[in-house]
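Make the full structure from the sequences, and use the hints.
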Amino acid sequence: MPLLILSAAAAALAGSITVNATVVEEAVVNDVAVMEGMPRTLSEYGFFWDAAEQNPAHNVLNYELNTPLYSDGADKLRFIYLPEGEKLGAHGEGLLEFPVGSAIIKTFTFGEGDDRRLIETRVLLHRADGWTALPYRWNEEQTDAKLALAGARIPMTRPDGEEISYRIPNKNQCKTCHSKDGEVIPIGPKARNLSGEWLAQTVSEGLLDVMPAGADALPHWDERDGAETSSLARAYLDVNCAHCHQPGGGASNSGLDLRWEQDDLAKLGIRKPPVAAGRGAGGHKVSIAPGAPDTSILVYRMSSTEAGVAMPELGRSTNDDDGIAVVRKWIEEMPAS
Amino acid sequence: MIRLTVAALALCSAAPLLADTHTISPGEGAQERLQEALILAEPGDEVVLEAGRYTLSDGLSLDVDGVTLRGAGMNASILDFTNQAGSGEGLLVTSDNVTLRDFAVENAKGDGIKSKGADQIVYHALRVEWTGGPKASNGAYGIYPVEASNILVQDSYVRGASDAGIYVGQSENIIVRRNSVVENVAGIEIENSNHAEVTENLATKNTGGILVFDLPGLPKVGGGDVLVARNAVIDNNTDNFAPEGNIVASVPSGTGVMIMANTKVQVLDNALINNSTSHVMMIAYTQPYTDERFQPRPVQVEVRGNVYGSGGNAPDFAGGDVIASMMGGSLPPILTDGLHENLGRGDNVPILTLGLTEVGQPFTEAQPSLLRAAPITSTWTNDPVELPAEMEARIR
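As given, the protein sequences belong to chains D and Y, one line each in that order. Residue 1 is where the first sequence starts when you use my numbering, and the numbers rise one by one after that. Residue 1001 is where the second sequence starts when you use my numbering, and the numbers rise one by one after that.
It is worth saying that the hints were derived from the structure and are not from the lab. No residue lacks a Cβ here, since even glycine has one placed at the ideal position from N, Cα and C. Do not take every clue at face value.
[Unchecked claim] Where chain D lies over chain Y, by a calculated footprint (3+ residues, C-beta under 8 Å):
#1 1058-1067
#2 1127-1139
#3 1209-1218
Now the structure itself:
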């Protein structure tokens, strides 16, 4: 064991050599930190050669999603770490396959340019016994982030001036969303929600085995003007809700399945009575009442910030007005009979 | 190097596990200290809540197998969620072989304690309460195990749930015994579940005392093999305060035991007293559905050995008052919509049928009459529910 600690320390040192952004030493990720334990700080992994700037180390790739999860309006920087010589595997439109030893890193920020503040970084580590999810909270000085096993609640002012109570999830809450059939899994990097350009480039760099079929199918949320409403709404529900609302997910017992590929209207919530919604039903009788967003439980719960009513249950303390507008429009346009 | 470490770790975990006790006290930082203990606990460990009030801002969760969370008593160690800002429940358990005992959960914003997919769970001597009494703004379920096998809920107290005090959903092999459920919409509800015993509970001042339901369209349907025995079901006349949209919002105030869409249910040796609509009610599922697996009627219900007090004197459904006055002021103790199959009638009390002939037919088409004593056309016995012996041993 002492040997290990030494090597971890050495790797951490190696990661911190990169003092100056103009002359970059080759920063190397600490595989031991990825593979075991609960590193107390984000810097121990060495995912970045410049943490504050979020400049990735060797073998750490940047990626984006077509339609992202709403997280109180935070911007997100997303990275994938692949150990030297390893590559991702394509599985049709679904989740990319990650080799053991790889990691997914997501940093949540508010503000732009010099005003940008890093709030938290969540890591998903693919270990020999499965995926482990850990949350890290950035310090005031923005030099490093510290393990926040129990999560945290941070009162803050958003760039748009709104006062919010931002919640960093605890380790278990990471799993609440990232779970299928009791196992922790990634959610975001599905081929259908990744750009064709990024996938092609990753293939050409030898970091993805083949170009997946069904890639890039979800609409680009940032360019949604003019996009088809149903496609936008279904993408939104897939990304924001379906990690729990699917068979084997955290809300499987509701019988509601909001995945992109679900085409059974009742399972999607159309005219579906609630099961265990309690006051979350808001006095409404079905999840989706075609033509009537105001009497649809889905819209009611998306439009609340109150614990016990708000959906998703975790990961937001404010409403996503853009998402609500898209889902409302979709329901409005459904024929009522 | 990696391979080496993995081997070293494997060696460590092969050593005998020594169960640890992690003691948590109330006060500053309780949220983080308690949550961290629940995350870092190892299988076999106990997390102990010292007496006192724990003020919590977010839901708690446990995802480690074999952990016991124990307080100093249901009135001594209190998890207070009055100021909860996030999560859908007070405490969420997602691991197996967990024991929860001797503490209270107050005023959770959503459900009180939920366990999902948590097999062999024991809920013992807990109090889950919305302290303002019955209100539509209270959380839905007090004690809420779902999608699991082997569930024991005993010696607990639940008050104020705007859906069900103790709700067991989509599960099997269940014992709910010696609990007190007071001023909830449903006292105890067994839904889409099989092989359950609800025994020796006190269900009082709820809208409905004990419900045995099955709903279509869920991953698990086809509930049945349920024993409701030796319970005191008294004064369940609280106005229904469930938010509309939920199935229990349609339960009439004054319901003792209600059976809907289930197969093989026994209602034996209960004391059924002063429930002002009906002591025992059997109905078919009333809403449209498309689930082909679903069986909407109450089938093979046996009602025997019960003690019936006054009741049926203020029936809470449309036209109920007219029927009651026709019958001399109150409804008979047992009520069926007429859509039951093979009702095993063991008690010599009158049974009112609404005379419906088709599932989904509205109550306004009722043709009420007294049910003529029908011979039992087949008999059955429910096998007793046996939980693994180690579950019972945990709370001895």
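Enumerate the violated hints, using their earlier numbering and listing them in ascending order. No numbers; nothing is violated.
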